[in-house]
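**Student:** Listed below are the residues making up each chain.
2 protein chains.
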Amino acid sequence: MKLLKERILQDGKCYEGGILKVDSFINHQMDPWLMKAIGIEFIRRFATTNVNKIITIEASGIAPAIMTGYLMDLPVVFAKKKPPCTMKNYLSTTVHSFTKDREYEMVISPEFITPDDNVLFIDDFLAYGNTAMGILDLVEQAGANLVGMGFIIEKEFQNGRILLESKGVKVESLAIIESISNRLIKIKE
Amino acid sequence: MKLLKERILQDGKCYEGGILKVDSFINHQMDPWLMKAIGIEFIRRFATTNVNKIITIEASGIAPAIMTGYLMDLPVVFAKKKPPCTMKNYLSTTVHSFTKDREYEMVISPEFITPDDNVLFIDDFLAYGNTAMGILDLVEQAGANLVGMGFIIEKEFQNGRILLESKGVKVESLAIIESISNRLIKIKE
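As you go down the protein sequences, you meet chains A and B in turn. Going by the working numbering, the letters in the first sequence line up with residues 83 to 271, in that order. Going by the working numbering, the letters in the second sequence line up with residues 83 to 271, in that order.
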C-alpha cells in the first residue's frame with residue numbers, strides 16, 4: 083500500500099529496541115483519510131472471505147476497525163483490556179505485553195461474538211503476535227470462526243506472522259517493516 | 083437526534099445507580115452507520131465554530147471522533163489514560179473516575195495540540211463531567227482554544243453540563259437522559 087509506506091517513511095520515527103513510532107498519523111493523532119484508505123485495502127485483502135463482523139482491541143485498533151466496518155456495513159466489536167464493572171458475563175484471556183512488560187486481561191462479551199460469526203480481526207501493529215494470540219483464544223472460546231487478521235503495520239523481525247500462520251491464521255499486513263536499524267526504516271517492496 | 087433516541091430506548095439497558103448500558107451499539111459493539119449519523123449531527127451542532135482538530139479520549143470516544151474527523155476532513159487526537167513508554171514529553175492531568183472509583187492519569191502530546199488549534203472534544207458519555215474537566219485542563223495547558231464539547235449521551239441528573247457551562251464551555255449532547263428509574267429510561271424531547 084504505497085500511500086501508507088510513503089507516510090511511514092516520511093513521518094515514522096524509530097528508536098532503539100525495534101520501536102517504530104507512528105503517533106502523528108496512526109495511534110495518537112490519526113489521519114481519518116489514511117484510515118479510510120486503510121479500510122479499503124483491508125476490504126481488498128479479505129475480499130474472498132465471508133466476514134460478517136469486525137473485531138479489534140482498544141484503543142489504537144478502533145479507528146481502522148470502525149472505518150473498515152463502516153465501508154463494509156458490518157458491526158465492529160472491540161475487546162477490552164479489563165472488564166468494566168457493568169460487564170458481568172465475559173470471555174477472558176491473559177496477554178503478555180512486551181512494550182509494557184506486564185500481563186493484562188483481555189475480555190469480550192459472548193453476547194457480541196457467537197458461533198454464527200465469521201470475524202475479521204483488525205489492529206494497528208503486528209509485532210510478536212501476543213495480542214493476536216489472545217484474540218484467537220477469545221474467538222475460539224466463543225466458538226466463532228476467524229476469517230483472518232489484518233494489520234496496518236507488521237514488524238517482520240519480531241516474527242508474529244510465523245506464530246499466527248502456524249495456527250492456520252490468514253495474515254495480511256499493509257506495510258511490512260523488514261528492519262529498523264541506525265534510525266533507518268526498511269519496508270518490504 | 084431521533085435515530086439515536088429510538089436506539090437507546092430499543093437497545094439500552096439500565097441498572098441501579100443511574101447506569102445506562104449501550105454496549106450493543108456504542109461502546110463495546112459499535113454500529114458504524116449510527117456513528118456516521120452521529121458525526122453528521124456533531125457537524126451540524128458545531129457548524130458556526132472554526133474547529134480545525136477533533137480531540138477525544140480512549141477508548142469509547144475514538145469511534146465517534148474518527149467518524150466526525152473523517153466527515154470534516156480534520157485530524158483526530160485521542161488523549162491516553164497512561165503515557166506509553168515511547169512518550170517522553172507530554173501534558174498530564176489527573177481525573178477521578180466515578181464508575182471505577184479511582185484516579186487515573188490522562189496525557190496528550192503537546193506536539194499534536196498547540197496554541198494554533200481550535201479543538202472540538204467528542205466523547206460517548208457526559209455524566210459528572212470529570213473526564214471533560216481533565217480535557218479542559220489539557221487544552222488550557224497546551225494553550226489551545228476549545229470550541230466546544232459534543233457528547234453522544236448526557237446523563238442530565240449527574241450535572242456534568244452545569245460544571246462545564248460554569249467554565250464557559252459550549253456543550254452539545256445528542257441524547258439527554260432525564261432519569262433512569264424503575265428500569266425506565268426517560269429521554270428529553
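Honestly, the hints are just simulated from the structure, not real lab data. Computed from a predicted model, the values in this text were never measured in an experiment. There may be inaccurate statements among the hints.
Heads up, the list lumps identical chains together, so a pair's fine if it works in one copy or across two of them.
To be verified - Only pairs whose alpha carbons sit at most 16 Å apart, straight line, appear in this in silico EDC-like list of lysine to aspartate or glutamate:
| no. | residue 1 | residue 2 |
| --- | --- | --- |
| 1 | Lys103 | Glu222 |
| 2 | Lys163 | Asp219 |
| 3 | Lys95 | Glu193 |
| 4 | Lys103 | Glu88 |
| 5 | Lys170 | Glu98 |
| 6 | Lys103 | Glu193 |
| 7 | Lys118 | Asp155 |
| 8 | Lys164 | Glu140 |
**Student:** Hint compliance check: list the failing hint numbers for this structure, sorted ascending.
**Tutor:** 1
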